[in-house]
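Undergrad: Make the full structure from the sequences, and use the hints.
Protein chains in written order, with my numbering: chain A, 1 to 159; chain B, 1001 to 1111.
These are computed hints drawn from the structure, not numbers from a lab.
Source: prediction; values computed, not measured.
You may find that some hints are simply not true.
[Unchecked claim] With a straight-line Cα cutoff of 27 Å, these simulated DSSO-like cross-link-like pairs (lysine-lysine) come out:
id: 1; chain 1: B; residue 1: 1026; chain 2: A; residue 2: 4
id: 2; chain 1: A; residue 1: 129; chain 2: B; residue 2: 1026
id: 3; chain 1: A; residue 1: 4; chain 2: B; residue 2: 1044
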Amino acid sequence: MTEKGEYVIGQIVMVVISLVAAFFIAVYVPGDAKTKLTMTIGYGLLALTFLFGMAIMVDIIRGNIDLSALLCESGKGASMSRFQLLIFTFVIALSLFFLVAQNGKEFPKIPPEVLMLLGISASTYAVSKGIQVGGQSGQNGGNGRNGNGDGDAQKDQPK
Amino acid sequence: MPALATAARWEIGILLVGLMVVVVYKIFTGGISLSGLLTAQDSKGNLSFSPARAQMLMATVFTALYYLIQVIESSATDSLPPLPATLVGILGGSQAIYLGGKARSLLFKSK
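TA: If you want it as structure tokens, here you go:
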């Protein structure tokens, strides 16, 4: 069986497991109809997202989802802008989860300084990408004008 | 209903922490490459140590650790702890230096 076929079967199995879990909750959990409906939908979605998340994580561990270039720029070494974006994303996500797990009832308020920090971090990544792409296209254009360029630059010349 | 919230909390915890552990494990074992993190090409195309990247790494690690400690110390509140404006300014300046250095090296290389 092809790899794509295995993925489709895996997804169908996950959906079926979620539906079976939801069915058992709907039948056996005591309470009125509204409570049963809420619990059924809640646990069903919870099981589905958990299975999808675990499937992605298992694929990352087995190497089917390749993360080797997560921090690399195209054809070059590791990028500081990607690295700092990864660190700040993890730190803020972990902090939010920590507070929700500790206090529980509502989503924590996020101060503007933290939003600014994330904005600076993501902007740095975007600007860095822009500089890199601009530099590459500048080099290609320059090479094309000098007659040493690749095929694309030569295609632009009038016949 | 509290049981549903508890289950959701556990699920997010397992997925989030699991993903972080996998990424950090791959970084430490070389599955995610960090080679070239502190080097940059000069105007002649040679790879050399980049002070701009080193200072940005220090500013990033310092800010991240400072914020994690703040979160652990003030875990009883229902809000994320604020960051000092000075620290945000330092981080912004650090990243501006990195971007300026990168733009400059690419500008001189393309000439």
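Undergrad: Each hint should be assessed against the structure and marked as holding or not.
TA: Here is how each hint holds up against the structure:
Proximity of residue 1026(B) to residue 4(A) is assessed by CA-CA distance (about 26 Å); at most 27 Å being required, the pair is judged to hold. At most 27 Å may separate the alpha-carbon atoms for a hinted pair to count; residue 129(A) and residue 1026(B) meet this at roughly 24 Å. For the hint linking residue 4(A) to residue 1044(B), the alpha-carbon distance of about 47 Å lies beyond 27 Å, and the restraint is violated.
Consistency note: the structure conflicts with earlier hint 3 alone.
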